[in-house]
Amino acid sequence: MKTYSTTIREINAGESKSRLRITPALPAPAQPGQYYRAFAPGTAQVLPVPLYPFLGESDSMVLCGNFPAWQTSAKLLLEGPYGNGFSSSLKARRLLIHAIDESLEERLYSLAMDVLQASADVAWVSEALTLDLPPQIEVLKETEFGDAIQWSDGCALAVPLARLPNLPGELVIKPAERHKVEVMIDAPFVCGNAQCGVCAVETRSGWKLACKEGPVFPYGELFQ
Amino acid sequence: MTSEWLLPGTNSNWMNAAGFLGYLPPASCLLAEKTGCFVTPAISWHARKPALDRCLLDYPGGFLLHTGSPNDGFNKVIKNYAAKWRRAKLPVWPHILPRNGYECRQMVQTLENLENIGAVEIGLPGTIETSLVEELLQASMGELPIYVSVPFLSPWQKWLDLLRMYTVAGIVLSAPRGCLPNNGSVVNGRLFGPALFPQLVHEIREFKDSGVPLIAGSGIFSFEQAETALQAGASGIQVDAWLWQLTPPTSPSKS
Numbered sequence: 001m002k003t004y005s006t007t008i009r010e011i012n013a014g015e016s017k018s019r020l021r022i023t024p025a026l027p028a029p030a031q032p033g034q035y036y037r038a039f040a041p042g043t044a045q046v047l048p049v050p051l052y053p054f055l056g057e058s059d060s061m062v063l064c065g066n067f068p069a070w071q072t073s074a075k076l077l078l079e080g081p082y083g084n085g086f087s088s089s090l091k092a093r094r095l096l097i098h099a100i101d102e103s104l105e106e107r108l109y110s111l112a113m114d115v116l117q118a119s120a121d122v123a124w125v126s127e128a129l130t131l132d133l134p135p136q137i138e139v140l141k142e143t144e145f146g147d148a149i150q151w152s153d154g155c156a157l158a159v160p161l162a163r164l165p166n167l168p169g170e171l172v173i174k175p176a177e178r179h180k181v182e183v184m185i186d187a188p189f190v191c192g193n194a195q196c197g198v199c200a201v202e203t204r205s206g207w208k209l210a211c212k213e214g215p216v217f218p219y220g221e222l223f224q
Numbered sequence: 001m002t003s004e005w006l007l008p009g010t011n012s013n014w015m016n017a018a019g020f021l022g023y024l025p026p027a028s029c030l031l032a033e034k035t036g037c038f039v040t041p042a043i044s045w046h047a048r049k050p051a052l053d054r055c056l057l058d059y060p061g062g063f064l065l066h067t068g069s070p071n072d073g074f075n076k077v078i079k080n081y082a083a084k085w086r087r088a089k090l091p092v093w094p095h096i097l098p099r100n101g102y103e104c105r106q107m108v109q110t111l112e113n114l115e116n117i118g119a120v121e122i123g124l125p126g127t128i129e130t131s132l133v134e135e136l137l138q139a140s141m142g143e144l145p146i147y148v149s150v151p152f153l154s155p156w157q158k159w160l161d162l163l164r165m166y167t168v169a170g171i172v173l174s175a176p177r178g179c180l181p182n183n184g185s186v187v188n189g190r191l192f193g194p195a196l197f198p199q200l201v202h203e204i205r206e207f208k209d210s211g212v213p214l215i216a217g218s219g220i221f222s223f224e225q226a227e228t229a230l231q232a233g234a235s236g237i238q239v240d241a242w243l244w245q246l247t248p249p250t251s252p253s254k255s
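Line by line, the protein sequences are chains A and B.
Last residue of the first sequence: 224 in this note's numbering, with the numbers rising by one and none dropped.
Last residue of the second sequence: 255 in this note's numbering, with the numbers rising by one and none dropped.
Worth flagging that the hints you see were computed from the coordinates, not collected in a lab.
These numbers were taken from a predicted model, which means no experiment stands behind them.
One should not assume that every hint holds.
Calculated Cβ distances over 10 angstroms to all of chain B for the following chain A residues [to be verified]:
#1 SER60
#2 ASP114
#3 GLY192
Here are the simulated lysine to aspartate or glutamate pairs, EDC-like style, with alpha carbons at most 16 angstroms apart [claimed, not checked]:
#4 B:LYS158 with B:GLU129
#5 A:LYS174 with A:GLU202
#6 B:LYS76 with B:GLU33
#7 A:LYS208 with B:ASP72
#8 A:LYS75 with A:GLU57
#9 B:LYS49 with A:GLU202
Glycine residues also receive a C-beta, built at the ideal position from the N, C-alpha and C atoms.
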């Protein structure tokens, strides 16, 4: 896995406090759902943290995630991209997006932008939206999720690992709709595929490591 | 001043700690040419599932990791990796987690028949009965050097007579245990990070003359710290979470 040396140009690039802009843009940008391990050498940081693509520009990149108190102008090492992102089949004509925990909404933003660029429709379910979305994206209430998923032909969810077992109870998805749902799991991705096991996910075909075989899984692989 | 004396079963006295590099030696890592052997993740006789409350919790100077040491069980691990270990450039130290003498004997005897196994590292919880420690040591006796890995700061010193009697090749002072709150409950896990370094050096100094070589197995996050641990009396170095940190690429933009 390649390591890239970058510089932090801006922190809190948006309204959220968990974004940063780096230069240069990386030659192998992460796909929506994939992540980089990020580490600022010479700081008190002990472990790398996962950073996710938010916005790519020609000469810089905006990444998001929960990161330590880094400073602008600091060197930032990035390794990756790691994992499996959202599948191309999800770049549907009508995409529905929903983060079970609002702090994860940023991680779905790059997917929405990719889909919009392909002239598809995007609907975003959120009770308390944490992002500035373009006007083309329709924002819906959680009570509208059931109707929205029927309308969609692809659905991207983001969920913290600890809440994954309760997902079917928290969000009712009819069996006929499940094939078009992909779930991005938020877990600590620190070991760089050393199989530490902290991100292990129970799937229908056994335990899998979200850092390597995820973080995005088809809904049907996780639940019946 | 560092010791030139080589621990049994390794090409140098530097190595990774169990569980920090996966099941196979990586093509490159922070330690590079310093590494003298490869220590596997913990392997139990039966398969172990991940802990239900698995988590990683940060605290100043380190983190708590609780995973339940998930693995596929000894036989499946051997089936998957024995051939690859045989071809590895470094001798392999399987880190085993036997619960009784029978499991220990089965695992050690199987490992004795594999190629390129340099030693066996037995993970001992700090709280087990002395009688079980003796049972495990007795069962492990054979052709391979045996190391025991104990959480430092635990009362492992009460087993010193046994460890000497069974001519254990070394004691790995590995990550101690601790507790932190998480989601309304308290999680017990292993502690890692540079904040442990002063306590590690203290323990090495206290037991350096115990008659069993000590391997500094936690809290090392720089070559200077490793040198300090060696000067304090450690015979070897195991590196844990330092291996997960990223190092700058060798070329300006990428490695």
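Earlier hints that do not hold, by number
3, 5, 6 and 8
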